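Quick mapping for you: the protein sequence lines, in order, are chains C and G. Under our numbering, the first residue of the first sequence is numbered 4, with each subsequent residue one higher. Under our numbering, the first residue of the second sequence is numbered 10, with each subsequent residue one higher.
Simulated from the structure, these hints should not be mistaken for laboratory data. Among the clues, some could well be false.
Said to hold, decoys possible - No more than 27 angstroms apart at the CA atoms, straight line, and that leaves these computed lysine-lysine pairs for DSSO-like:
| id | chain 1 | residue 1 | chain 2 | residue 2 |
| --- | --- | --- | --- | --- |
| 1 | C | Lys540 | C | Lys340 |
| 2 | C | Lys355 | C | Lys331 |
| 3 | C | Lys340 | C | Lys356 |
| 4 | G | Lys87 | C | Lys540 |
| 5 | G | Lys87 | C | Lys356 |
| 6 | C | Lys340 | C | Lys273 |
| 7 | C | Lys135 | C | Lys356 |
| 8 | C | Lys533 | C | Lys560 |
| 9 | C | Lys595 | C | Lys355 |
| 10 | C | Lys355 | G | Lys87 |
| 11 | G | Lys87 | C | Lys595 |
| 12 | C | Lys340 | C | Lys353 |
Please read all numbers here as calculations on a predicted model, not as lab measurements.
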Amino acid sequence: MFQSMSGRPDQSTAGLAPFPDAIIPLKGEVAHRSRFPMNEDATETLSGAQIAVRLLERQGIRRIAGIPGGAILPFYDALSQSKSIRHVLARHEQGAGFIAQGMARASGETAVCLATSGPGATNLLTAIADAKLDSIPLVAITGQVASTLIGTDAFQEVDTYGLNIPITKHNFLAGSASELLDVIPRAFRLAASGRPGPVLVDIPKDVQNERIEIGEWPEPGLRAPTPAADPGAIARAAALIDAAERPILYLGGGVTHSDGAAQAVELAEKAGLPTVMTLMALGAMPVDHPLSLGMLGMYGARRANMALEECDLLIAAGARFDDRAIGKAAAFCPRAKILHIDIDCSELGKIKKAHASIRGDLREVLERLLPGVESRPRREWRARVGELKRNFPLRRPGVGDPRTPYGLIHAVAGCLDDEATIVTDVGNHQMWVAQAYPLRRPRQWLTSGGLGTMGFGLPAAIGAALAQPERAVVCFSGDGSLLMNLQELATAAEEDVNLKLVLMNNASLGMVVQQQALFYGQRIFSSKFKNEADFVKIAAGFGWRTLDLDSAPDPRKALATALATRGPMFIHARIDCREQVLPMVAPGGANKDMIGD
Amino acid sequence: MNSIARKHPESSVTQTVLELEVNNHAGVMSHVAGLFSRRAYNVEGIVCMPVGEGRLSRVWLTVNEEARLEQMVRQLEKLEDVLSVRRHGASHEVFERVGEFFR
Chain C
4 MFQSMSGRPD
14 QSTAGLAPFP
24 DAIIPLKGEV
34 AHRSRFPMNE
44 DATETLSGAQ
54 IAVRLLERQG
64 IRRIAGIPGG
74 AILPFYDALS
84 QSKSIRHVLA
94 RHEQGAGFIA
104 QGMARASGET
114 AVCLATSGPG
124 ATNLLTAIAD
134 AKLDSIPLVA
144 ITGQVASTLI
154 GTDAFQEVDT
164 YGLNIPITKH
174 NFLAGSASEL
184 LDVIPRAFRL
194 AASGRPGPVL
204 VDIPKDVQNE
214 RIEIGEWPEP
224 GLRAPTPAAD
234 PGAIARAAAL
244 IDAAERPILY
254 LGGGVTHSDG
264 AAQAVELAEK
274 AGLPTVMTLM
284 ALGAMPVDHP
294 LSLGMLGMYG
304 ARRANMALEE
314 CDLLIAAGAR
324 FDDRAIGKAA
334 AFCPRAKILH
344 IDIDCSELGK
354 IKKAHASIRG
364 DLREVLERLL
374 PGVESRPRRE
384 WRARVGELKR
394 NFPLRRPGVG
404 DPRTPYGLIH
414 AVAGCLDDEA
424 TIVTDVGNHQ
434 MWVAQAYPLR
444 RPRQWLTSGG
454 LGTMGFGLPA
464 AIGAALAQPE
474 RAVVCFSGDG
484 SLLMNLQELA
494 TAAEEDVNLK
504 LVLMNNASLG
514 MVVQQQALFY
524 GQRIFSSKFK
534 NEADFVKIAA
544 GFGWRTLDLD
554 SAPDPRKALA
564 TALATRGPMF
574 IHARIDCREQ
584 VLPMVAPGGA
594 NKDMIGD
Chain G
10 MNSIARKHPE
20 SSVTQTVLEL
30 EVNNHAGVMS
40 HVAGLFSRRA
50 YNVEGIVCMP
60 VGEGRLSRVW
70 LTVNEEARLE
80 QMVRQLEKLE
90 DVLSVRRHGA
100 SHEVFERVGE
110 FFR
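Bound-form chain G, shown alone (with noise of 0.2 angstroms):
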């Protein structure tokens, strides 16, 4: 992991969910994190898996809200394979759900 704005995840930051519709293949992923991982924003957490027919996948990311989120979405919604990018509440049941499995 980047070390350089690792903040601690325990301490009151404000998380956001994306949700992101994808093609599914295999560099979808790297071009995603890539966005994440050369600006030192920390992904806290991800889930993905195909939908419909495998053709597109959905993936769920959550981060910290920061001023930067702003324009990783922006980033985001430029990726050619990304193909809608949603936000939600920090809130969202995807993560609370899948989260029963990190007790």
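Bound conformation, chain C alone (with noise of 0.2 angstroms):
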């Protein structure tokens, strides 16, 4: 079953001991399914455990965040002992499944993350359905009880499996020791594979401890090729871009996913097709490219939407017309003719029927879509959205003002180049940031858009500033987000990762607030905090570097001094509770329907 690894001309070393530091593989290295020499006799007896971590170093993973307890401990008594492997103690469940996550985010490769059976195994739920939502690589590994207590509401027993069946792409019971040499590598190819996403991997205490013989090990889990596109499909898809007039190029995270931000601005740049993206887009195409139009939707950029209504065909580029990119469903490009391309068959038509659509991976699909394409510079259409552009301008009041919240973003960008990561939380801060944030670089933007996860930010930044320590990793975080998961900032001091955390304090659930005070009568309730904490008293409790630019005299200097100082950063400011992330479309309304100037 088990393509045998022995035998090629590279692998002189016989008799080995299980993991020489010497050929421990780089994450993403592509030779290194050939670099684990096995001796054709060689067997070894092995844990489950054992057998598990060595299949996670064999995958070239190197590290974990997690947190142990009675279900995992043989797990974590096997990765005490591997060399290439370091663990991230996360403080949360979630924290660990969010650092996972911001690894996955930032490097495009598959994270692990860990938990312990019961409490351990919801608490990484959260983390997971994010995933699935924004189709990020995971593989979550859980303890479970032994296999003779599973179904007797044993201690810290629950169904892990049967609570991931709907958030992950796919879940594994481990049965057997044995199991765990297919299951492993074939959770790495799932979660790569496709549209990526969540897999999980539930092991019973007692196939952790079961010993087996090894003699063979399995080809690591490796993203499987994306069936070709049809090609009639891409010729019908070129004949349509170049028979519109008004066409608009709609990007979604599946341009990042794909690795094609490249081809997708070169299609942009040859058709002339003004070009709008997702939350989970942002960074494809340069914002200040002059094609750009910026975000559409709910928080999206007026202009953005508006052009939307004229345009006579919209191309989906790996996006999937969620509700708050579209608005009213029915309403949306309401003139247009629709070109969908997705690697993922069921989003082709399920929310707007498509006149066309390609299935396939959206890079492969570009690039033999390119070639096909007229080269238009579509003078009249451009001249029409310029004229959009003008008569909308981006709204960004107090942008000179360091104490704003646009000025606030305006002045951490002017200190950081495009290199570094931006990281947010969820809510107010995170639509500022959106909006306001000049994002140049695919993977420079992390951000929760499906699942919209308060708590996101903090987490993730760890896993993004461990995963990619040469960037600074900046994360924008609001109060209510920060709460949700403020016990990482231990794990941030204790790793003494790169990070600085800005935090956006209006002392409320700011986008709850902006809600109720649009849409319910102005009747505020249970969004503000009367309780509030002294954030920088209790970042520098747990070993920050603090700053608090409410006090700072020049806050520009104070910033700049700030974010070129290593190692965890707490900057504090007070944001307004009456300011609100304008314009907006209502919930369910349409996106021509903006409130705001």
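Put the two chains together into one complex; each comes in its own frame, and the hints tell you how they fit.
Structure follows, in structure tokens:
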């Protein structure tokens, strides 16, 4: 069943000790499959836990975030002996899940999180569901009570498998140690193949302890090639684009997942396509590119939403017509034919009927589409879009004052280059940053889009900083969001990550306050915090360096110094709770009907 | 049963029979049923038996023909343990014959 790793010419190390440091592959190293020598006759007797750890090593995993507990202790014991995998001890399993997500989102490679059974597994659920909605490749490994106890309501027993069915791409309950040899590589292949997503492997404690003899190791699970797109569909798409007078390119997160941002920009430039981006796609086309209309949707740019009203062809590329992006579906792009490109067949025509569709890997589709598309400047349409841009200038009140939301975001951006990674939590601060930060690079921007999980920011930023220590990582958060995974301040300090957290503190759940003000008769209820914590003291208490911008005489200068300081740095800024994110589309409303100027 | 979209089965809706080839293990029915239940899409009838040596099973579902059915089929096809999905007319004999046990 498993291909033998033996007998390859570069494998001279016979009778090896498990994993000499020198041959530990780096993640993403293409040749790593051939670098694991196994003597033909050598067998080892290993426990299920040791096998699982070895399989993760063979996958090239270098870091795992998790929290130990009874049912996963055999695995942790095996992990303690690993020379190549470092464990990042989170302070809550949801934190571990988001740390892994941050690693995966920043690098594009599958990341791993760990939890014990019962509450450990339930605490992971939110991070797993978040990965599902944003198509993030994640492998979650959970301990389970012993097989003989499953179904008896044993201590810390929960139906992890059942709980995860609706929020994973696939999941496994390992029945034996030998099954792990199949299940773990498959979990990695599934997480990374097609439309990426989370996969869970639940391993009962007795399976972790079961010892078996191993002679051959399976190949690591890698992304399977996506079937080539239908040439006829590509030709029809090219003809549709050529025939359109007022086309718009609508980019979604699939552009990032397929590594197709450069091809998307090339298509836009060749065919003269004004381009809108979803929250997930920000950075795919530089925001200051002449063809960029910025973000569409509920908190998008009015110019983007208004241009969509007039377009005659919408080219949806790796986008799934989410309600926050398209508003009322029936009123979205009322004059347009739709060309939908997606790797996931079930997305094609799910919300809006597509006049033509291509199923395939977006980058490959764009590469094959490009030569067949006519090079056109589309002067008339571009002139009209230019007019819309002038008629609907971006609204950035206070941008010159670093003590306002937009001003603070601009001041932070002014201290950084495009190499920095920008992470957000969820809420008004997230939308302000999405609107105003000059995002110019795919994977520069990490945010919880589909699930909209408050508490995402800090742990995801820790993961991003661990995965790419050479980059500055800046996490914008709000006080409501930060409080949801505050404990990860400890993890960040312990790991000494190069992370700057900018807390936009309005002592409220600002997005809720805004909706109550606009749509619930100003009845502000349960959305203002009466207890106002001293966040600067709290961060200092966890061992962070801190800056309180409120008391800084020269906030720009203080910000520049703080952002240039290596290690965890907590930057606190008070925001007026009456500050709103505008313009805005009412939930359920049409995108053309935006509130605010 | 989920009550949101429960329709009267006796009303004149067209039904479709779906034939699924699936891996035979403990979680498969949960995966299949979950796709329907989360969308409040009632499955009117289910028959499932192993085929051949028992590595695979065949699942027969009878469901109401709705606009969402196409999406359901695509979602089923995405499941790792579902190897194929075929659509049949309502008059497929599998439920006709099983129906004898319900008289």
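- Query: Does lysine 135 (chain C) pair with lysine 356 (chain C) here, judged by a C-alpha cut-off of 27 angstroms?
  - Reply: holds (24 angstroms)
- Task: Take the C-alpha atoms of lysine 87 (chain G) and lysine 540 (chain C), compute the straight-line distance between them, and say whether it is at most 27 angstroms.
- Result: violated (49 angstroms)
- Query: Between lysine 340 (chain C) and lysine 353 (chain C), does the CA-CA distance stay at or below 27 angstroms?
  - Reply: holds (15 angstroms)
- Query: Is lysine 540 (chain C) close enough to lysine 340 (chain C), meaning Cα to Cα at most 27 angstroms?
  - Reply: At roughly 55 angstroms apart (the allowed maximum being 27 angstroms), lysine 340 (chain C) and lysine 540 (chain C) break the hint.
- Task: For the pair supplied as a hint, lysine 87 (chain G) and lysine 595 (chain C), confirm whether the alpha-carbon distance does not exceed 27 angstroms.
- Result: violated (35 angstroms)
- Query: Is the hinted pair lysine 340 (chain C) and lysine 273 (chain C) satisfied, with a Cα-Cα distance of at most 27 angstroms?
  - Reply: Roughly 20 angstroms between the alpha carbons, so the hint for lysine 340 (chain C) and lysine 273 (chain C) holds.
- CA of lysine 87 (chain G) to CA of lysine 356 (chain C), is that 27 angstroms or under? This hinted pair holds, its Cα atoms lying about 20 angstroms apart.
- With a cut-off of 27 angstroms on the C-alpha distance, tell me whether lysine 340 (chain C) and lysine 356 (chain C) pass. holds (9 angstroms)
- Does the structure keep lysine 355 (chain C) and lysine 331 (chain C) at a Cα separation of 27 angstroms or less? holds (11 angstroms)
- Take the C-alpha atoms of lysine 533 (chain C) and lysine 560 (chain C), compute the straight-line distance between them, and say whether it is at most 27 angstroms. violated (32 angstroms)
- Sort out whether lysine 355 (chain C) lies within 27 angstroms of lysine 595 (chain C), counting only the CA atoms. holds (17 angstroms)
- Query: If you draw a straight line from the CA of lysine 355 (chain C) to the CA of lysine 87 (chain G), is it 27 angstroms or shorter?
  - Reply: The given pair, whose Cα atoms are some 20 angstroms apart, holds under the 27 angstroms limit.
Of the hints listed earlier, those the structure fails to meet are numbers 1, 4, 8 and 11, in rising order.
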